[in-house]
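Chain order of the listed sequences is A and B. For the first sequence, position 340 (counting from the first letter as 1) is numbered 340 according to my numbering, and the numbering increases by one without interruption. For the second sequence, position 19 (counting from the first letter as 1) is numbered 481 according to my numbering, and the numbering increases by one without interruption.
In case anyone wonders, no lab produced these hints; they're calculated from the structure. Even for Gly, the Cβ is constructed at its ideal location relative to N, Cα and C. Treat each hint with caution, since some may be false.
Stated by the list, open to error - Just some of the chain B residues that point at chain A, by a computed CB distance under 10 angstroms:
1. W774
2. L786
3. G866
4. N899
Protein chains: 2
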Amino acid sequence: MTTDAVTPVLAHVDAQMDAALERLFALLRLPSISTDPAYKADCDRTADWLVEELKSLGMDASKRPTPGHPMVVAHDGSEGGPHLLFYGHYDVQPVDPLNLWHRDPFDPVLEETANGTVIRARGASDDKGQLMTFVEACRAWKAVHGALPLKVSILFEGEEESGSPSLVPFLEENAEELKADIALICDTGLFESKVPAITTQLRGLLAEEITITGPSRDLHSGMYGGIAINPIRVLSRIIAALHDDQGRVTLDGFYDGVPELSDEIRSQWQGLAFDHEAFLGAVGLSKPAGEQDRTPLEMIWSRPTCDVNGIWGGYEGDGFKTVLPSKAHAKISFRLVGTQDPARIHDSFVRHVERLLPEDCTVEFPLGKGSEASQMSIDDPAFEQARLALSEEWGVPAAYIGCGGSIPIAGHFQKILGMDSMLIGFACDDDQIHSPNEKYDLASFRKGIRSWVRILDALSRR
Amino acid sequence: MTTDAVTPVLAHVDAQMDAALERLFALLRLPSISTDPAYKADCDRTADWLVEELKSLGMDASKRPTPGHPMVVAHDGSEGGPHLLFYGHYDVQPVDPLNLWHRDPFDPVLEETANGTVIRARGASDDKGQLMTFVEACRAWKAVHGALPLKVSILFEGEEESGSPSLVPFLEENAEELKADIALICDTGLFESKVPAITTQLRGLLAEEITITGPSRDLHSGMYGGIAINPIRVLSRIIAALHDDQGRVTLDGFYDGVPELSDEIRSQWQGLAFDHEAFLGAVGLSKPAGEQDRTPLEMIWSRPTCDVNGIWGGYEGDGFKTVLPSKAHAKISFRLVGTQDPARIHDSFVRHVERLLPEDCTVEFPLGKGSEASQMSIDDPAFEQARLALSEEWGVPAAYIGCGGSIPIAGHFQKILGMDSMLIGFACDDDQIHSPNEKYDLASFRKGIRSWVRILDALSRR
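If we strip away everything but chain A, and leave its shape as in the complex, we get:
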């Protein structure tokens, strides 16, 4: 239901869209690539920009140092009623391969496409465009009513794309300040780019980078080929043996703790009109490549996976160099579900690699950190209030869905701050996040802001 309080705020949002876009573009121009040390100062400037932005709408905002990139924390609204903590991240993914971008990733622009107007830039969808939907909703509320309808705290992180090394210590040190009744996390998407959704199921992530060393230096394959072990051949065998012919991951104990879907969720998912042929067709594929006895939705939402995210070794340049390389490298990650234990799976992965490693080769495992999967309970009435507000804005019933990605923050909020999270976002499957030419639909941005206006109103009535 659209209340009297909400109507003028929605009108204000629509009237002020150009100014809102200008603010988002200013944020998108800052190249806050957290994983690359070359962009450290840019990450810091991005935090400063956000502090000024939040102060400009009357919030008590500050930049908070960490051993890595800073956090941004802000508070607003009066005590007494419900208290929300909104989370987003201001850092973005690297932009390589840069030659596949059609324009500068940090020079945002509005583009007309066959599917409507989009905002094109690195971070447009993940996560700057999303976090600004909430900031703009707050700005509109305050512009129209002078104050927010409930107490709001904000936490913006700058290390989400690089493993969040400072997050847990920061939450532990500032637990009293950050604890709220419920968290809102805006880093997820619509269902099939059309239906608004609250994500209640998230996969965990275990990431490792292995380096296989064979000969102590690069060799000439004419002189040593056939007698010296080739580390690329070793690495290929290790990767090839991670899956069986049916697409199952072969690590010992990998499926321990992987739950089967409840009948309730299974029937709910069967009711969703998920068109996997369209989902795959949009990226040039046709066949689900995961476990062959699982449905496509299970593959992306509720089953664990293993992917190679990068591989390199030897000569990559133009022409041919008959080198037999000393080293071969791969970045390998696992998406985890249920109660799969990242540490035990890492142990099992190490044993898998070592079993296939010839005596003459060595291997390094420099990372080995992971996060567990998380599952929200939807007993808190806030979930249903938010779902109705979303349905109202989008004109279709909002869904409770799963998500293939990993957003460990939800688990941390639960464990450290003792509160549940509602994962609500407006990204589309074709936003090309983590890829060249990332975009965010202008409709996602506008209706995202409007959605938060409605949700703030709905949750203030608890």
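Put chain B on the given structure of chain A with help from the hints.
Frame of chain A; chain B shown alone:
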């Protein structure tokens, strides 16, 4: 036997070593990387430098254009007696990874090492230092005697490290001019860095670069992992299946045309004191990784092989990017022996890849060229004359050996110019050709020059 004609020439060589090194260093300073178009002008300047060098010692030398890098051709000596054609190449391998070089690859220097003085630079051993041993031998002969003892022609190529695309047409167009009684090819090594050798057996080479494309763009592994095919996983399976557990190559028909060693060669090789533990130990290895039922010398000299010379795909930078890449690439090469047919093996490789390729992936095979192995007959008495001259210089009996590398020029000389080749060179196993920090022993350079002085004398007496 050291003749009266030879003694003063050898003394001249020793007296003029500093000047000879200055000339070699000038050649090593030219970055003639033939495979990289950025160095095209440098390759041309290197050909000019060689023409001037050969003219300076009174030869009729010229730069000869080709569709690629130019050839250098020179003639000297009087008609009537035996006629030699000397072949070398002035182009060098790329220098990456540059960060593993201890100094500028194109700033040559003499370095003292535990194993004696070395000339450190890209091309010092492959092949500029080697070709200059012959040029300096000619210079010394002419300085002492005013003329060479027999007719000499020289052919320097500038595309040996990039597949020699212009070589066959050039030989065909200039067959009359280049045809001689026997060819000398200086692109091989000593046996175990100590014993001089004439290489009579060379492996062929088939090289291919495959690109596997899965999704039409890079994807986020959180969103698509588990349902979208990962081309790195596909490539790894293809590479892993190229060898069986015993180190044999699995391609259909791969071993067709692979001869067993004759009893004569087998017993000769058994007589060579090849220490495979030292050979492998020098590069940090201990176990021969090839076919487990073959001896180490067979693995490197007479058995065909398959190596991956490069692999890449996805994210290679610092940190972690959970990308599911669109493409994965590998450079794969096969060393061929006997009468193995490069075209049939390429067909078999294509079938191997296509059999393991999921329906949703595509693959490209842009190269697919290859050269057959070659085997010299040692019936020509020039072989034994040269072997005795080498033995005299080095103080140990010179050996007839095999070579793991591919020097297709020997086959071309046989087919197009109708002449045999003697492959004589002075490189050592630890020269790190094609690797960072390439070197050539000062002893190889000095005794190489002196060896050619003796060989010129010996062959003039046919």
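A quick look at each hint next to the structure:
1. W774: holds (5 angstroms)
2. L786: holds (6 angstroms)
3. G866: Holds, about 5 angstroms.
4. N899: For N899(B), the interface hint holds, since the closest Cβ of chain A sits about 8 angstroms away, which is under 10 angstroms.
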